[in-house]
Amino acid sequence: MSLRYQAIKNLSTQENIEVSSPAKITAIFCQNVFTLKTAREYLSDEAYKSLVSSVKGNKKIDRTNANQIAAGIRQWAESKGVTHYTHWFQPLTGSTAEKHDSFFTLKGDGTAIEEFDGGALIQQEPDASSFPSGGIRATFEARGYTAWDPSSPAFIMEIGNGKTLCIPTLFVSYTGELLDYKGPVLKALEAVSKAAVDVCYYFDKNITKVTPTLGWEQEYFVVDEALYNARPDLLLSGRTVFGHQSAKGQQLEDHYFGSIPERVYAFMRDFENESYKLGIPLRTRHNEVAPAQFECAPIFEEVAVAIDHNSLLMDVMDRVARRHKLRVLLHEKPFAGINGSGKHNNWSLSTDTGVNLLAPGKTPKTNLMFLTFFINVVRAVDQYADILRASIAGAGNDHRLGANEAPPAIISVFVGKYLTEVLDAVEKRVTTKFDEQDEAILKLDLHKSIPELMLDNTDRNRTSPFAFTGNKFEFRAVGSSANCSNAMTVLNAIMAQTLTEFKEEVDGLIEKGEKKEIAIMHVLQRYVSESKKVLFEGDGYSEAWAKEAEKRGLPNVKTTPYALDAMVTKKAKELFENTGVYTHAELEARHEIELEKYIKQVQIEGRVMGELCTSHVLPAAVKYQNVLITNIKGLKDIGINKESYANQLQILEKISLHINKCSDLVEQMIEARKKANVIEDTRAKAIAYCDDVKGKFFDEIRYHVDKLELLVDDASWYLPKYRELLFLR
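At position 608 of the sequence shown the residue is numbered 608 (our numbering), and the sequence of numbers has no breaks.
In short, the hints are calculated from the structure, not lab data.
Owing to the predicted nature of the structure, the values given are computational and were not obtained by experimental measurement.
There could be a bad hint or two in this list.
What the hints assert, rightly or not - Distance windows between CB atoms, simulated:
1. E504 / Q123: 55 to 61 Å
2. E302 / E427: 47 to 53 Å
3. R607 / V627: 25 to 31 Å
Stated by the list, open to error - Only pairs whose alpha carbons sit at most 20 Å apart, straight line, appear in this in silico EDC-like list of lysine to aspartate or glutamate:
4. K533 / E680
5. K661 / D699
6. K573 / E592
7. K99 / D109
8. K80 / D45
9. K163 / E301
10. K573 / E190
11. K277 / E288
12. K661 / D706
13. K187 / D204
14. K600 / E504
15. K362 / D318
16. K654 / E671
17. K59 / E262
18. K194 / E421
19. K325 / E262
20. K571 / E530
21. K205 / E225
22. K187 / D101
23. K707 / E653
24. K696 / D706
25. K675 / E586
26. K661 / E643
27. K365 / D198
28. K674 / E596
29. K428 / D318
30. K503 / E514
31. K325 / E18
32. K56 / E427
33. K194 / E504
34. K365 / E427
Cβ coordinates follow ideal geometry from the N, Cα and C atoms, glycine included.
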């Protein structure tokens, strides 16, 4: 019996794991996190104040206080049974990394003690030779450093019966280049805070810090572990490369927001409990559109902490799923024919005075402040749409974007009917010359129309990749497997640059004698006029929008190798140099790394397709071909009329055709891959993989395999590509 049939047979006897949940989430929330409240219990006043200053004011911690903080963290960790620690970081592999060291050490006289000092807290030296560097360093140059990030609290990871103290860190090369996701984000956050505070001074001089916030929505699939293991393509590439469409998919729309299957519900509660202990503030869970697709979402947090929590969550979900004999799929498009998964990034800007800069106010001054930041966001997206598109590029997301379920690859902004009217008013009523009666535009009473604005938000445009949803922007094009850092680094960097340019222009008008408010409105009016081409309220899935976007000059780059080009243009280099986010060397390295990642992912999929064709599909097809031959020959031998077995003959001819086509195409794909591999230029190689290996062969091979699957009466080799999703109830 095949692995798949055995897995399906065993599903009926699969018992759910019992999960006990606390009466209140608050009873376990941050149980395994060294919060400032916990720090207050374990640190001296001096060490505590130093830690708070570092977390809230980005001030450096001196060595003496670092020793005290390390001792306090160790004391807390040991009270929970921890014997080892690690610097937890996010290298450019796409997953998290850690190297464990014990508190145990031997002194010179042979005395065994437990020790964790400030040096071990602040810096560690993992072997960096095997992490992606994009050519910054040679393989034999192994030295790299992890550096403590005090803004993200230490936590204890429980794996089975073991516990490890995890210190969130940055990862840098021996020569100082950033080799992780976190470093650029922190730089972008610093840049946007400075630029935003400078603009806020026009309205409120009490504002000294602006904090970008993020609320991610994580979509994912859940499949039975045995069924997962029976699919080599799912196991090796994260998605099914073959398989015809199941008779029942999502067409009844009965899964969305439906009752959660009991087995999945137990898994959800389990990973939520683990997440709460780690301080991840999960709030929402529900069924998504496709069979066995789900979503969870947290309360908004400061961007860097939210990114850490999302990276941590993906790890927790994977480990807990295995405990329940399940597997979590985070690939953007694991099954063709049904919806894929995204990770919507809800982003906003908050001041240290408690104001959301993207929420309409109740006075002319606060409305003008809202309008200023709102229009600057639209301007930033318009000016840097190509770089924003590059930030969410990836082999998996190429399958999802524009697939009539997710935003298209065209970056546009949806703001809703009411705000569109406001922007039209700004563009038309703000004239070149201001007089007293024109100052009425400054008194836009947005607060009176909040109910209308909220009505727009409840019917938001799900086809837009970048939509305003009331008091935040939702970047919906981010892929489910992505680290949020790429999108957040670019979004905050382009916002920092745009705000900086805005202030320079306004200050220039003020120096020429314009009133502050009038100068602000003049610049905003021009921004609206120049950026309105990026505004779109209609159906982003439609062919008409693709044509209209082309007329407007909006980029529509559908594949990763071409989209990534935007990261190394002169415009991109100036952007990241001006904001201090990337050096030119770091930018070129990341471009190289993303191209290499794309090549390897497509290469794996191509190899899986070839292996499945050769080892699974064709043998089953040939076996059934022989069955038909025997049947036809037997009928012919006993004198049956040819018309009686004409159908078998027709099927035999079709099977023979598709067998030959599959075999030939696999050989051609292998040759195309060999040709691509000898190309030395990484970009040229990535394009060859995109256009020659993937573009010319993947769809055609899949077509012939799908035909064979429909014709061959031997279902032991495959079932419909996502039928396994229907067995979770």
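To test your reading of the hints: which numbers does this structure violate?
1, 2, 4, 7, 8, 9, 11, 13, 14, 15, 16, 17, 18, 21, 22, 25, 26, 29 and 32
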